[in-house]
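Number of protein chains: 2
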Amino acid sequence: MSASESKTELRLGLAGLGTVGSGVVKMIQDTQDLLQERTGSVISVVAATARDKKKDRGFSMDGMTWHESAVDVATDPNVNVFVELIGGSDGPALDSVRAALMNGKHVVTANKALIALHGSEFAQLADDHNVALNYEASVAGGIPIIKSLREGLVINQVKRIFGILNGTCNYILSVMEETGRAFDDVLKDAQDLGYAEADPSFDIGGIDAAHKLAILTSLAYGCEVDFDSIYIEGIETISAHDIAMAKELGYRIKLLGIAEKSDAGISQRVHPCFVKLDRPIANVSDVTNAVVVDTDYLGRLVLEGPGAGQFPTASAVIADIADIARGVTQPVFMKPARDLKPGAAIAMDQHVGEYYIRLTARDKPGVMAEITQDLADEGVSIETIIQRGAEGVENVPIILVTHKCQESVMNRALQRIAAHDAIVRPPRMIRIEDV
Amino acid sequence: MSASESKTELRLGLAGLGTVGSGVVKMIQDTQDLLQERTGSVISVVAATARDKKKDRGFSMDGMTWHESAVDVATDPNVNVFVELIGGSDGPALDSVRAALMNGKHVVTANKALIALHGSEFAQLADDHNVALNYEASVAGGIPIIKSLREGLVINQVKRIFGILNGTCNYILSVMEETGRAFDDVLKDAQDLGYAEADPSFDIGGIDAAHKLAILTSLAYGCEVDFDSIYIEGIETISAHDIAMAKELGYRIKLLGIAEKSDAGISQRVHPCFVKLDRPIANVSDVTNAVVVDTDYLGRLVLEGPGAGQFPTASAVIADIADIARGVTQPVFMKPARDLKPGAAIAMDQHVGEYYIRLTARDKPGVMAEITQDLADEGVSIETIIQRGAEGVENVPIILVTHKCQESVMNRALQRIAAHDAIVRPPRMIRIEDV
Chain D
1 MSASESKTEL
11 RLGLAGLGTV
21 GSGVVKMIQD
31 TQDLLQERTG
41 SVISVVAATA
51 RDKKKDRGFS
61 MDGMTWHESA
71 VDVATDPNVN
81 VFVELIGGSD
91 GPALDSVRAA
101 LMNGKHVVTA
111 NKALIALHGS
121 EFAQLADDHN
131 VALNYEASVA
141 GGIPIIKSLR
151 EGLVINQVKR
161 IFGILNGTCN
171 YILSVMEETG
181 RAFDDVLKDA
191 QDLGYAEADP
201 SFDIGGIDAA
211 HKLAILTSLA
221 YGCEVDFDSI
231 YIEGIETISA
241 HDIAMAKELG
251 YRIKLLGIAE
261 KSDAGISQRV
271 HPCFVKLDRP
281 IANVSDVTNA
291 VVVDTDYLGR
301 LVLEGPGAGQ
311 FPTASAVIAD
321 IADIARGVTQ
331 PVFMKPARDL
341 KPGAAIAMDQ
351 HVGEYYIRLT
361 ARDKPGVMAE
371 ITQDLADEGV
381 SIETIIQRGA
391 EGVENVPIIL
401 VTHKCQESVM
411 NRALQRIAAH
421 DAIVRPPRMI
431 RIEDV
Chain R
1001 MSASESKTEL
1011 RLGLAGLGTV
1021 GSGVVKMIQD
1031 TQDLLQERTG
1041 SVISVVAATA
1051 RDKKKDRGFS
1061 MDGMTWHESA
1071 VDVATDPNVN
1081 VFVELIGGSD
1091 GPALDSVRAA
1101 LMNGKHVVTA
1111 NKALIALHGS
1121 EFAQLADDHN
1131 VALNYEASVA
1141 GGIPIIKSLR
1151 EGLVINQVKR
1161 IFGILNGTCN
1171 YILSVMEETG
1181 RAFDDVLKDA
1191 QDLGYAEADP
1201 SFDIGGIDAA
1211 HKLAILTSLA
1221 YGCEVDFDSI
1231 YIEGIETISA
1241 HDIAMAKELG
1251 YRIKLLGIAE
1261 KSDAGISQRV
1271 HPCFVKLDRP
1281 IANVSDVTNA
1291 VVVDTDYLGR
1301 LVLEGPGAGQ
1311 FPTASAVIAD
1321 IADIARGVTQ
1331 PVFMKPARDL
1341 KPGAAIAMDQ
1351 HVGEYYIRLT
1361 ARDKPGVMAE
1371 ITQDLADEGV
1381 SIETIIQRGA
1391 EGVENVPIIL
1401 VTHKCQESVM
1411 NRALQRIAAH
1421 DAIVRPPRMI
1431 RIEDV
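Chains as they are written, first to last, in my numbering: chain D, 1 to 435; chain R, 1001 to 1435.
Just chain D, with the same shape it has in the complex (with noise of 0.2 angstroms):
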């Protein structure tokens, strides 16, 4: 496709037409003319490809080509621009991913776990076949993240990039923090609520989040995408006891993806965090995401928004169709793909932090003295304790938040608090964030 044809005819292949494919086939047709206005071109689905042809989507396929396969779709002669809506790092959505970039067609994609595993790849094969690679729906849905950061922040050096990138864990927290509820209890609601999958593992056990991230980082930084570095825990282990504590100490518990550089490289993780009350992230509720960046030259940037549902979502696929309207066909992650890096990944045990620790213990005298000795031993320095006992209760909490200390250090002295015969479960430990 060259330059000027592109200012005139866009014509689509879409495989998946499931509820972002839908809102995409309808966004287009119900604004074919603002459309037209705002990017000077004439933009339709020529091409679809779904596991059920015959489904009613609410919307007509006139005029477009039914193929069988996605990688058939992508190798449509008539499609100048390939839309990928399937989803899943592998099969038909991988496949026609790189038949398309091979074949020379633009690609648009929504599919965060493709990118964060395949994304140096494509990089390497849109620059190689000189076309556009975008995916700005892959990260907090409608939220213009990834055009911000290679386009608006195109001069900044990113210090440290974070954010709430999974809608469900942040409505699961929400609203175990309103209703004071359990986590078993509130993840059925969202479940029945659509808020999450059947199978919620991806969401609540911090893989989609860290999707997310790996592309953000790779972006900030002008690394390969590096998925596998990613330290990740969920959110299925933070009790409702630990979110009235966060409460008390005035912090509340996000989920939060971060990415920071520092002399020694870059860190990657996907952790719940406890968070300052005042700052700006820790009042995102709900299904709410929000990324903050942290610049050079521009200091720090929030952007917060609809991070999934089907038109927001629909609405950043769009934008990224526009831009190749527009004739932008930029680097996938700000430069040439053979210029980027490995990511120099840092390991969890080097992280630097405060830790709020959950411990259950037998309530007998020399419990507290066997604690914080251990912590003595180790060097960790506590800023805060909590205990009350109860009349005629065998085990009580007992909260400790540390100051600063390395986490190869407090899981140390974590190991030597659990082995204690007083500590009758193992000690839960979340990481409080300074965002």
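Don't take every hint at face value.
Stated by the list, open to error - With a cut-off of at most 20 angstroms between alpha-carbon atoms, the simulated EDC-like pairs for lysine to aspartate or glutamate come out as follows:
no., chain 1, residue 1, chain 2, residue 2
1, R, 1335, D, 33
2, D, 341, R, 1037
3, R, 1026, D, 296
4, R, 1055, R, 1068
5, R, 1341, D, 33
6, R, 1341, D, 37
7, D, 276, R, 1178
8, D, 188, D, 177
9, R, 1276, R, 1434
10, R, 1276, D, 286
11, D, 404, D, 434
12, R, 1276, D, 178
13, R, 1188, R, 1178
14, R, 1276, D, 278
15, D, 335, R, 1037
16, D, 159, R, 1037
17, R, 1247, D, 278
18, D, 335, D, 128
19, D, 404, D, 378
20, D, 276, D, 354
21, R, 1159, D, 37
22, D, 364, D, 391
23, D, 341, R, 1033
24, R, 1247, R, 1286
25, D, 341, D, 226
26, R, 1261, R, 1434
27, R, 1335, D, 37
Worth flagging that the hints you see were computed from the coordinates, not collected in a lab.
Model, not experiment: these values are computed from the prediction.
Add chain R to chain D, keeping to what the hints say.
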């Protein structure tokens, strides 16, 4: 400049080397390699002008041709992108931007007053000469709100756009709340700290915020820039007492710029607002800016960041330059200038909302009866009344919060109330905004 030439060399002509202009030159000089890597272009400042040639600005002027006037820079044949950082809506800023566009040069500017007053004319000139006019830095400093609207939300229809668009006002209101100090006192501090100008009237009077709002409105609604239709009220009359009362009632006072579209037309207004404490915008403090966009497809997007300052603003200027380097030339206000419609302004007295009213009355029998009768006669219904008499004090404040009513009705009621002998000062009214 042809498309292929634009990929290789941008020769900038800079008019204005004050805080922002110097920041732009320093950033370009300090990030040459990164800038080239990320834009694929060689970008350099080849010509400049400023009030004082000899002043030491902390960077080398080697390779720059010095001109005596901004128009000379704009028309220098060696310049292909003109960067206007002089400021002001007339004089050299106006003349030079006009000259640059008419000479077929791309223009980047941080000048909100200029775009607010001459944006429609410039949009036509840019279209006629097929050049870009980028102005990201003119609204909310480093926040990529223009890019988000023009590109990220390309196919969304904006229902309402509003924000904290003036850092000086937000700083003053934040400090007044924290300290309980009076407006004049805090303003003086802000001037000493460099957060407010020696003549602060543009900031505290709401004019600066209105310039920015005019630009956002035009972009959001595809209409001609219509600064003159904006209703503007500043923060000069906000008292420490109002701020304390707001808190007591569950609100915070913010100076907001708000543009909203209804069947009747477009309303644009800048004035202090009561906003509920739990809304994101209520928690944006000090000099930080924030913009909230409510749209049909995406829903709500919030952007928050530094609204001013040398490098945040320069960062936005350079993002605009990088877009030109990538060959992006799009309509200034998202559609061809010839298609921009007049704004169809809605007058302020048609506004419907809740109101906070502060009265100062002689503490004598019957006052409350008179006031409430006036309100009843005009059909204004009261949600809250607070009157706290104090022993031996002659005049007492009376605080009223109304239910929703039309502003013309509210004004009539206030005129009647003001006419009573017992009312010793003009009533103070602040709008309650449901954001």
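Taking the hints in turn, this is what the structure says about them:
The straight-line distance between the Cα atoms of residue 1335(R) and residue 33(D) is roughly 11 angstroms, inside the 20 angstroms bound, and the hint therefore holds. At most 20 angstroms may separate the alpha-carbon atoms for a hinted pair to count; residue 341(D) and residue 1037(R) meet this at roughly 14 angstroms. For the proposed pair residue 1026(R) and residue 296(D), the alpha carbon gap of about 13 angstroms is at most 20 angstroms, so the pair holds. Only pairs whose Cα atoms come within 20 angstroms are accepted, and residue 1055(R) paired with residue 1068(R) is accepted, the gap being roughly 15 angstroms.
With a C-alpha separation of about 16 angstroms, the suggested pair residue 1341(R) and residue 33(D) falls inside the 20 angstroms cut-off, and the hint holds. Between the alpha carbons of residue 1341(R) and residue 37(D) the distance comes to roughly 14 angstroms, so the proposed pair stays at or under 20 angstroms and holds. A threshold of 20 angstroms between alpha carbons decides the hint, and for residue 276(D) with residue 1178(R) the separation of about 19 angstroms falls inside it, so the pair holds. For the suggested pair residue 188(D) and residue 177(D), the alpha carbons sit about 16 angstroms apart, so the restraint of at most 20 angstroms is met.
With a C-alpha separation of about 8 angstroms, the suggested pair residue 1276(R) and residue 1434(R) falls inside the 20 angstroms cut-off, and the hint holds. Simply put, residue 1276(R) and residue 286(D) have alpha-carbon atoms about 18 angstroms apart, close enough for the 20 angstroms limit, and the pair holds. Restraint check: the Cα-Cα separation between residue 404(D) and residue 434(D) comes to about 11 angstroms, which is no more than 20 angstroms; the hinted pair holds. Distance check on the hinted pair: residue 1276(R) and residue 178(D) sit about 19 angstroms apart at the alpha-carbon level, within 20 angstroms; holds.
A hinted pair counts as satisfied when its Cα atoms are at most 20 angstroms apart, and residue 1188(R) with residue 1178(R) qualifies at roughly 16 angstroms. A threshold of 20 angstroms between alpha carbons decides the hint, and for residue 1276(R) with residue 278(D) the separation of about 16 angstroms falls inside it, so the pair holds. Distance restraint check for residue 335(D) and residue 1037(R): the Cα-Cα separation of roughly 6 angstroms lies within the 20 angstroms cut-off, and the hinted pair is therefore satisfied. Pair hint residue 159(D) plus residue 1037(R) holds up; C-alpha atoms about 19 angstroms apart against a cutoff of 20 angstroms.
Taken as a hint, the residue 1247(R) and residue 278(D) pair is honoured in the structure, with Cα atoms around 16 angstroms apart against an allowance of 20 angstroms. Between residue 335(D) and residue 128(D) the alpha-carbon distance is near 13 angstroms, which keeps this suggested pair within the 20 angstroms criterion. Of the pairs offered as hints, the one joining residue 404(D) and residue 378(D) holds, with about 13 angstroms between alpha carbons and a cut-off of 20 angstroms not exceeded. Distance hint between residue 276(D) and residue 354(D) is fulfilled; the C-alpha atoms sit about 12 angstroms from each other, no more than 20 angstroms.
Among the hinted pairs, residue 1159(R) with residue 37(D) is consistent with the structure: their alpha-carbon atoms are about 19 angstroms apart, no more than 20 angstroms. Between residue 364(D) and residue 391(D) the CA atoms are separated by roughly 12 angstroms; this keeps the pair inside 20 angstroms, and the hint holds. Under the criterion of a C-alpha separation no larger than 20 angstroms, the hint pairing residue 341(D) with residue 1033(R) is consistent with the structure, at around 16 angstroms. Note on residue 1247(R) and residue 1286(R): the hinted pairing holds, with a Cα-Cα distance of about 17 angstroms set against a maximum of 20 angstroms.
Restraint check for residue 341(D) and residue 226(D): satisfied, since their Cα atoms lie roughly 10 angstroms apart, inside the 20 angstroms limit. Between the alpha carbons of residue 1261(R) and residue 1434(R) the distance comes to roughly 15 angstroms, so the proposed pair stays at or under 20 angstroms and holds. Restraint check for residue 1335(R) and residue 37(D): satisfied, since their Cα atoms lie roughly 6 angstroms apart, inside the 20 angstroms limit.
Hint compliance for this structure: no hint is broken.
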